[in-house]
Amino acid sequence: MKDEWIQKQVEAGQAPEGQEGELYKIVFSALKQEAGFKLPSDFAGRVAAAATRPAKSFNWDLFFLVFGCTLCVTTSLYVIITSHATLSVGVFSFFSGYRWLIGFALLFIGLLNWVDKKWISKAAIH
Amino acid sequence: MIDDRALAARVAEGNKHAFELLIRKYERLVAHMVGRVINNAEDLEEICQDVFLKVYEKISEFNFQSKLSTWIATIAYRQAINHLRKKKIELADLPDDEKFEERFIADTNTVELIEEDEMESVVIKLIEKLPTHYRVVLTLYHLENMNYAEIGEATGMPEGTVKNYLFRARQLLKEKIKTYLGKEV
Numbered sequence: 003m004k005d006e007w008i009q010k011q012v013e014a015g016q017a018p019e020g021q022e023g024e025l026y027k028i029v030f031s032a033l034k035q036e037a038g039f040k041l042p043s044d045f046a047g048r049v050a051a052a053a054t055r056p057a058k059s060f061n062w063d064l065f066f067l068v069f070g071c072t073l074c075v076t077t078s079l080y081v082i083i084t085s086h087a088t089l090s091v092g093v094f095s096f097f098s099g100y101r102w103l104i105g106f107a108l109l110f111i112g113l114l115n116w117v118d119k120k121w122i123s124k125a126a127i128h
Numbered sequence: 521m522i523d524d525r526a527l528a529a530r531v532a533e534g535n536k537h538a539f540e541l542l543i544r545k546y547e548r549l550v551a552h553m554v555g556r557v558i559n560n561a562e563d564l565e566e567i568c569q570d571v572f573l574k575v576y577e578k579i580s581e582f583n584f585q586s587k588l589s590t591w592i593a594t595i596a597y598r599q600a601i602n603h604l605r606k607k608k609i610e611l612a613d614l615p616d617d618e619k620f621e622e623r624f625i626a627d628t629n630t631v632e633l634i635e636e637d638e639m640e641s642v643v644i645k646l647i648e649k650l651p652t653h654y655r656v657v658l659t660l661y662h663l664e665n666m667n668y669a670e671i672g673e674a675t676g677m678p679e680g681t682v683k684n685y686l687f688r689a690r691q692l693l694k695e696k697i698k699t700y701l702g703k704e705v
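Protein sequence lines correspond, in order, to chains D and W. Each residue of the first sequence is one higher than the one before, counting from 3 in the working numbering. Each residue of the second sequence is one higher than the one before, counting from 521 in the working numbering.
In case anyone wonders, no lab produced these hints; they're calculated from the structure. Treat the hints with care, as some may be off.
Taking lysine to aspartate or glutamate and the DMTMM-like style, the derived pairs with C-alpha atoms no more than 20 Å apart in a straight line are [what the hints assert, rightly or not]:
id, chain 1, residue 1, chain 2, residue 2
1, W, Lys698, D, Glu22
2, D, Lys10, W, Glu664
3, D, Lys40, W, Glu565
4, W, Lys536, D, Asp5
5, D, Lys40, W, Glu562
6, D, Lys34, W, Asp523
7, D, Lys40, W, Asp523
8, W, Lys698, D, Glu36
9, W, Lys698, D, Glu6
10, W, Lys545, W, Glu533
11, W, Lys683, D, Glu13
12, D, Lys34, W, Glu695
13, D, Lys10, W, Glu695
14, D, Lys27, W, Glu695
15, W, Lys698, W, Glu638
16, D, Lys27, W, Glu664
17, D, Lys34, W, Glu533
18, W, Lys645, D, Glu24
19, D, Lys40, W, Glu547
20, W, Lys587, W, Glu673
21, D, Lys10, W, Glu540
22, D, Lys34, W, Glu664
23, W, Lys683, D, Asp5
24, D, Lys40, W, Asp563
25, D, Lys34, W, Glu638
26, W, Lys683, D, Glu6
27, D, Lys40, W, Glu566
28, D, Lys34, W, Glu640
29, W, Lys574, D, Asp44
30, W, Lys545, D, Asp44
31, D, Lys27, W, Glu640
32, W, Lys645, D, Glu36
33, W, Lys587, W, Asp523
34, W, Lys545, D, Glu36
35, W, Lys606, W, Glu565
36, D, Lys27, W, Glu638
37, W, Lys698, W, Glu640
38, W, Lys578, W, Asp523
39, D, Lys27, W, Glu648
Treat the numbers as computed from the prediction; the structure is a model and nothing was measured.
Using the sequences provided together with the hints, build the complete structure.
This is the structure:
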């Protein structure tokens with residue numbers, strides 16, 4: 003209650019005499035100081051220009067993405083058809099003899115990632 | 521000087537000059553608000569930019585049920601809080617940590633190297649050590665001259681909580697410098 007009264011008095015510019023009043027005067031004066039962070043002088047101009055910039059009439063990025071994907075799919079289909087390719091496990095059949103080793107490797111890598119995410123990354127931040 | 525309604529109307533029409541004026545008028549408020557929530561200086565400017573881009577996008581929907589400054593402060597606060605969430609940085613809030621006040625007053629690391637005649641600088645450093653909600657409330661009240669209702673609207677806190685946080689934050693700062701100076705009443 004006493005602190006609340008002193009705070010009100012200091013805010014009204016009538017700090018009571020004594021140590022508490024003096025300390026609150028320091029606090030109130032510091033609270034009126036500007037924060038250290040300031041935006042650069044050209045900030046307003048840059049943001050206004052970015053916001054009001056007209057939308058691109060043609061999105062070339064999207065055009066090249068779609069064109070590239072279409073070309074890739076078409077070429078792949080052409081190669082598959084002309085080479086009479088058939089679907090087989092091929093070279094991957096080699097792995098069937100090492101299924102336990104591969105299983106262990108995958109599990110181990112997964113475990114390492116989990117430990118890193120759960121414990122090590124957090125420890126690095128703090 | 522152009523009033524907020526006219527300014528907002530011109531910004532909503534896409535007037536670049538008006539938007540630049542609006543940014544200049546409120547960049548201090550946004551910088552204070554975001555700066556009190558985000559400690560990482562590298563992210564500050566980018567978040568402030570996102571705040572104003574959001575203002576530009578939404579200003580046609582703003583109907584002046586509150587002051588323009590309060591609305592912009594609300595966007596700045598949410599944007600800053602969302603940034604913390606995205607980065608998975610916990611928002612240190614007092615109710616979850618009842619021992620905070622004791623620790624805050626007992627901790628001597630912040631002020632031990634500072635001379636007595638630099639007490640204001642000490643308090644400014646101490647403000648940075650306070651929980652985010654305290655810092656935000658102190659800034660909006662003392663630097664932006666907002667009242668309890670406006671701060672409540674900007675931050676989503678009840679008015680009573682705003683008043684309580686403001687009182688407790690100032691009291692904490694006072695207790696801290698009292699301990700530092702070693703003067704007991």
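Hint by hint, here is what the structure shows:
1. W:Lys698 <-> D:Glu22: holds (8 Å)
2. D:Lys10 <-> W:Glu664: holds (18 Å)
3. D:Lys40 <-> W:Glu565: Holds. Lys40 of chain D to Glu565 of chain W sits at ~9 Å (cutoff 20 Å).
4. W:Lys536 <-> D:Asp5: Cα-Cα ~49 Å, so violated.
5. D:Lys40 <-> W:Glu562: At roughly 12 Å apart (the allowed maximum being 20 Å), Glu562 of chain W and Lys40 of chain D satisfy the hint.
6. D:Lys34 <-> W:Asp523: Status violated; Cα separation ~26 Å.
7. D:Lys40 <-> W:Asp523: violated (25 Å)
8. W:Lys698 <-> D:Glu36: Given that 20 Å is the threshold and the Cα spacing comes to 23 Å, the pair is violated.
9. W:Lys698 <-> D:Glu6: Roughly 17 Å separates the two Cα atoms, so the pair holds.
10. W:Lys545 <-> W:Glu533: Holds. Lys545 of chain W to Glu533 of chain W sits at ~18 Å (cutoff 20 Å).
11. W:Lys683 <-> D:Glu13: Given pair Lys683 of chain W, Glu13 of chain D holds - Cα atoms ~14 Å apart, limit 20 Å.
12. D:Lys34 <-> W:Glu695: Holds. Lys34 of chain D to Glu695 of chain W sits at ~19 Å (cutoff 20 Å).
13. D:Lys10 <-> W:Glu695: holds (17 Å)
14. D:Lys27 <-> W:Glu695: holds (13 Å)
15. W:Lys698 <-> W:Glu638: holds (14 Å)
16. D:Lys27 <-> W:Glu664: Distance ~19 Å between Lys27 of chain D and Glu664 of chain W Cα, so the pair holds.
17. D:Lys34 <-> W:Glu533: violated (36 Å)
18. W:Lys645 <-> D:Glu24: Holds, at about 19 Å.
19. D:Lys40 <-> W:Glu547: Status holds; Cα separation ~9 Å.
20. W:Lys587 <-> W:Glu673: holds (10 Å)
21. D:Lys10 <-> W:Glu540: violated (38 Å)
22. D:Lys34 <-> W:Glu664: Holds, at about 9 Å.
23. W:Lys683 <-> D:Asp5: Holds, because 14 Å separates the two Cα atoms, which is no more than 20 Å.
24. D:Lys40 <-> W:Asp563: At roughly 13 Å apart (the allowed maximum being 20 Å), Asp563 of chain W and Lys40 of chain D satisfy the hint.
25. D:Lys34 <-> W:Glu638: holds (15 Å)
26. W:Lys683 <-> D:Glu6: Holds, at roughly 11 Å.
27. D:Lys40 <-> W:Glu566: With Cα atoms ~13 Å apart, Lys40 of chain D and Glu566 of chain W stay inside 20 Å; holds.
28. D:Lys34 <-> W:Glu640: Answer holds: Lys34 of chain D to Glu640 of chain W is near 10 Å, not above 20 Å.
29. W:Lys574 <-> D:Asp44: Cα-Cα ~19 Å, so holds.
30. W:Lys545 <-> D:Asp44: Holds: Lys545 of chain W and Asp44 of chain D sit about 14 Å apart, inside 20 Å.
31. D:Lys27 <-> W:Glu640: holds (10 Å)
32. W:Lys645 <-> D:Glu36: Holds, at about 12 Å.
33. W:Lys587 <-> W:Asp523: Answer holds: Lys587 of chain W to Asp523 of chain W is near 11 Å, not above 20 Å.
34. W:Lys545 <-> D:Glu36: Cα-Cα ~16 Å, so holds.
35. W:Lys606 <-> W:Glu565: holds (17 Å)
36. D:Lys27 <-> W:Glu638: holds (14 Å)
37. W:Lys698 <-> W:Glu640: With a Cα-Cα distance of about 13 Å, the restraint between Lys698 of chain W and Glu640 of chain W holds, given a limit of 20 Å.
38. W:Lys578 <-> W:Asp523: holds (19 Å)
39. D:Lys27 <-> W:Glu648: holds (19 Å)
The structure shown violates the earlier hints numbered 4, 6, 7, 8, 17, 21.
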